[in-house]
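Colleague: Chain residues, written in single-letter form:
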Amino acid sequence: MSSADVGTAALVVGLGTALYAVGAGAYAGRTGRREWAASARRAIYALLGLLLLAMVLLEAAYVRSDFSFELVAQNSSTDTPTFYKLTAMWSSQAGSLLLWVFLLSAFSSAVLFLTRRRLREIAPYATAVLGGVAAFFLFLMLFYASPFATLGSPPVEGSGLNPLLRHPAMMFHPPMLYTGYVGFTIPFAFAVGALLKRRTGPEWIRATRRFALVAWTFLGFGILLGSLWSYSELGWGGYWAWDPVENASLMPWLTGTAFIHSIMVQEKRGMLRTWNVSLIVATFMLALLGTFLVRSGILDSIHAFGESTLGKPFLIFIATVLIASVALVVSRRSDLRSDARVDALLSREVFFLLNNLVLILICVVIFWGTFFPLISEALTGTEESVGPPFFNGIIAPIALVLVGLSAIGPLLTWRRNSFSLLRRAFAVPLAVAVVTVVALLAFTDAAEGGLALVMFTLAAFVATVVVQEFWRGTRARRTMTGEPPPVALSRLVGRNRRRYGGYVVHVGIAVLLLGVAGSSSFNEQKDVRLEPGETVTIKDYEVTYREPTVAIEDDRSGTGAPLSFGAVLDVRKDDEHFTMRPARNYYPSQSEAMGPVGRYFGGEATSEVDLRWGLKQDLWLAIQPDLRKLKGPIRRGNELPERFAGQAIVAVARHYADDPPPAAFRAIVSPLVVWIWLGGGIVMAGALLALWPSPEARRRRVTSLYAARLGRELSRA
Amino acid sequence: MEVVLPALVLAAVIALLVLQPLRTPSTESASDPRADLEAAKEAKYREIKDAELDFRMGKLSEADWRPLDAELRGQAIAILRDLDRLEGRRM
Amino acid sequence: MDPSRKRKIRLVVALSAAVLLATALIVVSFSAGTSQLLPSEALAQKPDERFELGGTVVDGSLRDQGGKLEFAIQDPNGSARIPVVYSGAVPDPFREGREVLVRGELEGGRFVGNDMTTKCPSKFTAQ
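Protein chains in written order, with the working numbering: chain A, 1 to 717; chain B, 1 to 91; chain C, 1 to 127.
Next up, chain A with everything else stripped away, as it sits in the complex:
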């Protein structure tokens, strides 16, 4: 009995446990019998234990390089650094399924534990839904892609991790994304429970609001990590390509953002109930779609449908859940009528709805553009695709509208607003915006950026609005409590974390989009071939190819690349003088056909970009060495017996170093890119602030104060 058997056993029992949770939860939901609800809840806890066991067993196999495990043999090797051994687990299809369902069981256990005394009517059905989703993933693992598949005759050495993935950001990217996708399953499950039980009030939202926010935060962070990796590791120098896989993760984030706003409307005013349940259904669908798109190959390759074996079952599952959810929402529409009507157009409700509509619009555009190859083929017979110009051209102006809305929203209150009070609130931010525009036009060439200029102005506007909100809030608190300003500010923020955390997020988004605008409107890219000694000028940098570099078994980037060809470049800008060292890592191919030396140049090659970041602009350099002149030495090395391969490679490398041919360089100067990452950090900080729970004691103290007051008034009334 090997650990792979125990692992498979855990999955089998897990599937049974998940199905039990579905049955027991549904029964408890129907009959209201508490002991069955408790039993179903325990089944979810048990599922967590089983999946934890499975994860530990699989990771242990990776760490000890147990190549009888098919996954380990395909994704790891004895010389893979331990960090990448551990994280390689989710670079494989089966392993990532295990991670997904493990995260689902963890989050489900958390929410069921936290709500074990509440929501007694809808929690059992939610348990059933969560169990059902888990059962699907377990079913996929047991019948389509098992993480515990074993090889009859284990190889001596594994294939190693795909070098493109050997980067910390790329290793954290999938778990972050999955936490996001899984996190949105929780409100979805409770929404379904609420609909089934016709308890469509704000209870399901209150219980799962934090989970939605956590999911949103992790998903956003995962997306950001992915684009950071793309920019700093891949050889093309951009951070977003509107690639189907990227879009698949962005869409649920957009609907998730809409959801986080619109649930506030339901909590405060009892409106938008149908909208909210529909939105969370859509978000969950898009999250599943995001999980599935990466695996199916449906959009990557032409005319390939369900290339991976998982394509069909995923599609059936998504279609089933979609049809069932829509049917459920439609059947409960009488329970979803709003409590209230819109009082005035100038109100927070209306602006949140506008915000939602804009976000949905962006999502629809992305969806359309991503699936356009399939749509156009269905409609016209030819597959057509749209690229970044389509997405950028349409979405950029819409994003400006979104930022504008995010500046006005904080100034509004619920139901109705007095125009004169608003005018007063707008005065300072508007003035700052005007000053910003004038300054940008007078002192910079920002005008050439068109939409970028508008973005810069809006960012200044948003920032001013938020600072003003903090200031006005502190001042208001001081009139109530007389505290000194720093105390008032910290207590204000501490007691209104949702509000002020949200404002910080708005600033973060504005900063992020400012970075996007700056780097897309004002960047410069040059692709040149340079001989040693030659110089290229880009923006205000002079880049000179000084000399080539060769590294053998000395990978600067820590990915274990045996061979690295690069360059030392002297860069001058005004009176600054520094060097940059881009390189290209070569990983040997496993195939013997290319010869013992040739296979080093026939396997994967990755660009080791050198990036000099700065607050004003980034200088990005990548190199593509020209290896044609080395064909001779490589061929000669191939003819030698295998045991001389090492020396032959050294000879080839020395040949390159001594007589370097011109190399192809790509140089990119992107202004304000670093503000994208900074903005992202601000967003995360704001989200953390909004998520942070207020300490119990403070709440109880406030509660008793109010209770006493209300009690006094009650006795008088």
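Derived from the structure by calculation, the hints contain no laboratory data. Backbone N, C-alpha and C define an ideal beta-carbon position, used for all residues, glycine too. Heads up, a few of these hints could be off.
According to the in silico footprint, chain C covers these stretches of chain A (three or more CB under 8 Å from chain C) [to be verified]: (1) 231 to 238; (2) 365 to 378; (3) 382 to 389.
Label pairs and their in silico Cβ distance ranges [what the hints assert, rightly or not]: (4) SER61/C to PRO397/A: 56 to 62 Å; (5) THR24/B to LYS312/A: 41 to 47 Å; (6) THR23/C to THR82/A: 53 to 59 Å; (7) ARG333/A to GLU49/C: 31 to 37 Å.
A few chain C residues that don't get close to chain A, going by computed Cβ distances all over 12 Å [unchecked claim]: (8) VAL12; (9) ASP48; (10) ALA89; (11) VAL90; (12) GLU107.
With the hints as your guide, set chains B and C onto chain A.
Modeller: Using the frame of chain A, we list chains B and C on its own:
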């Protein structure tokens, strides 16, 4: 089938854990809304505080705030009454 | 204006806006779209505008001519192939035997391209 043995062991452990609540049928009603009422109360207090903050910050005029505050407090009182009734106390 | 009429007007406005936006989206996407064709389709249709040629890079066909790459693209499931002259940036995963999408034009019997996407080798298998 070397999977069967560990599967049986795991299943037995799980069954013990999961079936335990079923041995003692609960006498509690399916809808004990105390925790839900507490959550609703907290939410209502937050609304009252938010409204006051909006007023003091100048987003709400006094003419708009007073009736809103009264309405919200009325709703809070109703929740407190429900809570008290649950605990069997009389005011 | 009574509330139900107001609501009806809002509904009409919203629906019209939606229809307008949808039409705009459809028009823009079809006019901005680039056709994706396999070698067999490209040879049959012989388009005279820019399009995306997709297929597998034929093993052994790759020649590096300094500034330009020469290779052949073949139908993934067939035998039709087209020689390609490529002068743009080469993505990291580009290799013989992999699937690529090259953007360019058909000139004579050859495809002249300057932009390429290589399908990432499945992240879930080695190679």
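Colleague: Against each hint, give a clear statement of whether it holds in the structure.
Modeller: Right, here's what the structure says about each hint:
no.	hint	in the structure
1	231 to 238	holds (count 3)
2	365 to 378	holds (count 6)
3	382 to 389	holds (count 7)
4	SER61/C to PRO397/A: 56 to 62 Å	violated, 44 Å
5	THR24/B to LYS312/A: 41 to 47 Å	holds, 45 Å
6	THR23/C to THR82/A: 53 to 59 Å	holds, 56 Å
7	ARG333/A to GLU49/C: 31 to 37 Å	violated, 49 Å
8	VAL12	holds, 16 Å
9	ASP48	holds, 15 Å
10	ALA89	violated, 6 Å
11	VAL90	violated, 7 Å
12	GLU107	holds, 20 Å
The structure fails hints 4, 7, 10 and 11 (numbered hints given earlier, in ascending order).
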